[in-house]
Each structure stands twice: as C-alpha cells, then as structure tokens.
Amino acid sequence: MKSLPERLNDRLERRTVWSWQGEEPPDRLLSPEHAPNRDPEVDELVALALRLQSARPLQADPDFARQLEQRILVRNAALRLERPGSSWWFPRLLRVHPVFGLALSLCLLLLLGTGVLAVAAQVTNPNNPLYAVTRWERQVQISLANSPEKQTELELQFARDRLNSLASLANSAHAEAYRKALTELDQQITAASRAINTLAAGADHDRMVIELAAFKADTRHTLREFLPHLALPERLVTTDELGRLGDTVPRLTSAVIVLPVHPNEQTTVSISGDDIQPGAQLLVDNRLVQVRGSFQNGLYVFVAHWVGNQHPHSIGILNPDETAAQTTVITPGSSNEHGNGSSNHVGNEKGNGNGKGKP
Amino acid sequence: MEAIDGQLDRARRGEPEALSALYRLLLPAVFGYIAARVPDRATAEDLTSEVFVKMVEGISRLRASDKAGLVAWILQIARVTVAGYYRKREHQPTFVPLEPADWEEEAPGENWVIPASNPASDPAQRAEARDEWDTVVKAINTLTEEQRQVLIGRLILGYDVDTVARMLGKKANAIKALQFRALQSLQRLLGKERSPEHALQIHTRRKEDAP
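Same order as they appear, the protein sequences are chains A and B. Numbered per the working numbering, the first sequence finishes at 611, counting up by one with no gaps. Numbered per the working numbering, the second sequence finishes at 229, counting up by one with no gaps.
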C-alpha cells in the first residue's frame with residue numbers, strides 16, 4: 253500500500269493529465285463515492301486541491317493581463333533605449349567560459365594595478381595616501397637598476413622630479429606638504445650624492461658630479477624663487493636647505509635681549525651671526541616686528557618698545573632677499589652691558605632655528 | 019513551440035516577442051501566488067505588475083536556463099515583493115472600503131462557495147464571500163514558503179513533480195510530502211465547513227450550469 257502523499261500525488265497526476273488534455277475528468281475522478289476503491293482522506297485533499305485550482309480569485313483577469321503585457325513591453329523598450337548596445341553578452345560569456353572569466357579577471361586586476369601605479373606616479377603631494385605607492389615604485393625601480401650608473405641617474409632623476417613637484421606646494425595652503433617634500437628633496441639629493449660617491453673614478457663619475465652640481469644650482473635658484481610665496485616657518489626651512497646646498501644664507505649664533513628696567517625705556521636685541529644683510533627685519537617668536545636695526549660692533553642691534561617683560565622663545569631676522577634665520581639661544585642682558593654681548597645665558601644652545609619656536 | 023532556453027536568450031536580449039511569451043507562461047503562477055497571499059484583487063494586480071517590471075529589468079542577469087529555474091526565480095521575486103507589501107502595511111493604517119471591491123463584484127464565491135442567490139445583489143453574502151476568501155488567504159499565509167510554491171507549481175502551473183522538484187532544488191518524494199502537508203494544513207485550517215463534498219457539488223453544479 254502506497255503512502256498517503258504518494259496516493260494523493262497519483263490522484264492529482266491523473267487529474268492533471270485530464271486537465272492538460274483540455275478535457276474534463278471523468279466523473280469517477282470527481283465523485284470518489286462512486287469509485288471502486290474509495291480513499292476518503294485522499295479524496296478530501298484532492299477536492300480541496302481542485303477548489304484551489306479553480307478558485308476565481310487566483311486567476312488573473314484577462315484585461316489586466318493584456319494591460320500588464322503592454323506595460324512590461326513599454327518598460328522593456330525604455331530599458332533598451334537607456335542602454336543601447338548593451339553588453340548583455342558579457343556576463344553570458346563569463347558564464348559560458350569560466351576560463352575566459354578568470355583570464356578577464358586577471359587582466360582587470362592587472363589593469364587596476366597598473367592604473368593605480370599610473371595614478372600614483374602623478375601624485376606629488378606627500379600627504380596623499382597614494383604617495384606611499386610612488387615612493388615604493390621608485391624604490392623598486394632603483395633596486396631593479398642593473399648598474400650603479402643607472403641607479404645614480406635614477407636617484408638624480410627622482411630628485412629632479414621632487415624639485416619640480418615642489419612648485420605646486422610652495423604656498424601657504426600646502427605648508428605641511430611643502431615641508432615634507434623639501435625634506436624628501438634633501439634626502440634625495442643626499443642619496444644621489446651618495447650614489448655618485450660609489451661610482452668608480454672615471455667619465456661616468458665626473459659626468460654625474462657635474463650633473464649633481466648643476467642640479468644643486470637649479471635647486472638653489474628655484475628655492476629662492478619660492479621664498480616670497482612662503483609663510484615664515486617654510487621660509488626658515490627653505491633657508492636652511494639653501495644653506496645645505498651651498499648658498500649664502502644668514503646664520504644666527506645667539507641673541508642678547510635687554511629688557512627695560514622702567515616702563516618708558518626700550519628693549520634692545522643684539523644678534524650675532526653671519527650674512528645678516530643691512531635692512532634685515534626682526535622676528536620675535538616667528539612674528540615680524542616692524543623695527544629697523546643697525547650694525548654695531550659686529551652685532552645687529554634692534555631697539556624696540558617691548559610690551560611686557562617676558563623673554564621670547566626665538567629671535568630671528570628676515571633678510572631683504574627673503575631668506576630668514578632664527579635662534580633660540582637667547583640670553584638676557586643688563587642695560588649697562590648693552591652692546592658688548594656680556595650676559596647671563598638662558599638659551600637652549602641651539603643654533604639656527606627651524607621655525608618651530610612658539611609664536 | 020520554441021524551447022525555453024531559446025526564449026530566455028532572446029528575452030535577455032530584450033526581444034519583445036520572447037518577453038511576451040515568458041510573461042504569458044509565468045503570469046498564472048505569479049498572479050496565483052500573490053493572490054493567494056494578499057486579501058484583495060487590486061493589491062494582487064499591483065504586486066503582480068511590480069514583479070513583472072522587475073522581471074523585465076532583471077532578466078538580462080538571470081542565470082537560469084530552464085523552466086524550473088525561471089519559475090523559481092520569478093517566484094522568489096514575488097515572495098520578496100509580497101514580503102515588502104506586508105512590511106509596508108505594518109506601518110500603515112488599515113482601510114476598510116465602503117464600496118464593494120471589483121473582487122467582490124465579480125461573484126467572488128463563484129468558485130469558492132456557491133451562494134444561494136446572486137451575491138452581487140446581496141451585501142450580506144458579499145461580505146460573507148469576502149470573509150471566506152480572507153480565511154483562505156490567511157490559511158495559505160500560514161503555510162511554509164516551500165509548501166506554497168509546491169501548490170503553485172503543481173496546481174496553478176500544472177507542473178509534474180519532477181519539474182517542481184527542480185524548481186525548489188528538492189527530491190520528488192520531498193515534493194510529494196510537501197504537497198500532502200500543504201493540503202492537509204489547509205484543510206485543517208479551513209475547517210470542515212468547506213467540506214470536499216461541498217466543493218465537488220459546486221464543481222458539478224457549475225458544469226451543469228454551463229451552456
């Protein structure tokens with residue numbers, strides 16, 4: 253004896269066969285009470301199935317069916333207009349040829365990787381996340397170079413690239429990026445110089461030495477052009493870099509500050525150092541003080557009204573050629589010692605500052 | 019008649035004839051499935067429209083290449099659409115229509131219950147018929163999704179057990195069991211009031227009434 257689900261299914265199958273043949277089933281299928289082998293439990297379920305099958309609410313209205321067909325055809329036409337020459341074949345091709353899909357994925361990955369490298373190569377701002385890729389790319393290029401000469405040329409080329417990229421950062425909006433880029437330029441010049449030193453004496457070595465010297469001259473010229481566009485902290489670091497490149501720039505050794513004893517008296521700042529130009533302006537805590545100075549006994553002396561009696565953290569000068577220097581070696585002096593450099597030392601022994609003093 | 023895979027390919031390319039053919043093939047299943055789950059014809063028609071618009075928009079991405087896969091796909095869309103309808107309805111107040119709906123006007127009980135007189139002229143019977151269909155919908159909504167899909171595949175579409183088994187990714191015996199349990203649950207939920215004998219009488223009388 254078959255199970256109930258089997259018997260029910262058999263009965264429904266017979267009903268379906270009649271239905272698909274487009275005929276009404278014989279009465280014995282509809283009236284189980286007349287069937288020779290009556291199966292009441294299955295009969296009830298078959299009857300319920302028939303009722304569901306023929307339930308009017310489950311059948312779509314012909315008018316609605318026609319309207320909906322028109323609607324989906326209109327929607328289809330609109331979609332075809334939206335995507336002319338659509339690439340319907342593409343996903344299908346992937347399904348049909350998985351190997352093609354794999355190859356295509358690899359190509360896409362390669363393209364993506366190449367794309368990232370290409371984009372990264374254009375990135376010049378050290379604050380851009382892709383800049384790390386640029387640096388990595390350069391390291392790889394250098395390590396893959398097949399000769400010391402080639403490596404040296406690359407180092408020098410990257411230094412040139414860095415200098416070229418500085419131009420877009422030489423403004424107050426990119427101060428931090430400019431400082432980073434300038435540091436990298438310095439490192440790149442050092443690396444190029446070191447690479448030249450590894451070359452054996454000969455024509456290549458001499459040629460690279462000349463190229464490096466020419467590049468340093470270019471760099472000095474370029475950095476000087478940047479100076480008027482830079483904020484004071486960036487001028488200070490640029491001046492430092494110019495100094496490292498062999499340019500003549502101011503260097504401050506120390507400063508003596510004599511604060512007034514009485515409120516009506518003036519403060520005197522005496523600065524010692526090299527290459528302080530006539531007409532240099534005073535910088536106190538990275539701020540320009542509108543006061544004229546003059547050379548007295550080998551010192552550059554500024555006399556100014558001082559508000560308050562606090563000692564500054566840094567004293568600097570701004571030369572007329574826009575180079576700047578500062579020192580944090582500041583010593584307080586007394587009024588009778590003014591001008592002779594005799595003082596009580598309170599500085600931190602640093603020489604030329606880098607602009608990081610508190611304003 | 020063209021094989022289903024050929025029709026599917028042409029439909030994926032957006033050929034209107036192929037889309038029409040698929041639509042006509044699938045409409046009874048989709049409408050039957052939705053109408054068995056929502057309380058009125060207007061909602062069933064709205065949701066059916068929604069399903070077929072989604073079909074047109076998504077058929078280019080369909081991976082199925084046979085009838086069972088196609089039906090499984092469209093019923094999945096219908097299932098999600100109905101679920102969305104009920105989700106939205108949870109946040110909306112219920113409206114009770116003052117005028118009779120089309121559903122009721124077109125002799126709702128004709129195939130489910132046989133009224134003693136013309137139902138369209140008798141509000142009480144109309145309400146009774148509506149309540150009865152609501153009961154059926156509620157009963158169908160208590161079935162599992164697989165049970166519902168088996169009933170649609172077997173009763174509305176008239177597919178054999180093997181095709182429904184492919185549609186649901188199950189074995190033929192499992193489909194027979196699901197079919198049995200679905201009808202058994204419905205019978206229990208609808209009660210003895212709608213006895214099979216009564217249904218058969220309806221069916222027979224309809225035959226006699228036919229011209």
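Among these hints, one or two may not hold up.
[Stated by the list, open to error] Each computed BS3-like pair below joins lysine-lysine, with the alpha-carbon atoms no more than 25 Å apart:
id, chain 1, residue 1, chain 2, residue 2
1, A, K254, B, K106
2, A, K468, A, K402
3, A, K254, B, K189
I should point out that these hints are in silico values taken from the structure, not numbers from a laboratory.
We went through each hint and held it up to the structure:
1. Between the alpha carbons of A:K254 and B:K106 the distance comes to roughly 46 Å, so the proposed pair goes past 25 Å and is violated.
2. Taking the CA atoms of A:K468 and A:K402, the gap is about 19 Å. The hint holds against a cut of 25 Å.
3. Note on A:K254 and B:K189: the hinted pairing holds, with a Cα-Cα distance of about 18 Å set against a maximum of 25 Å.
Against the hints set out earlier in the document, a violation occurs for number 1 only.
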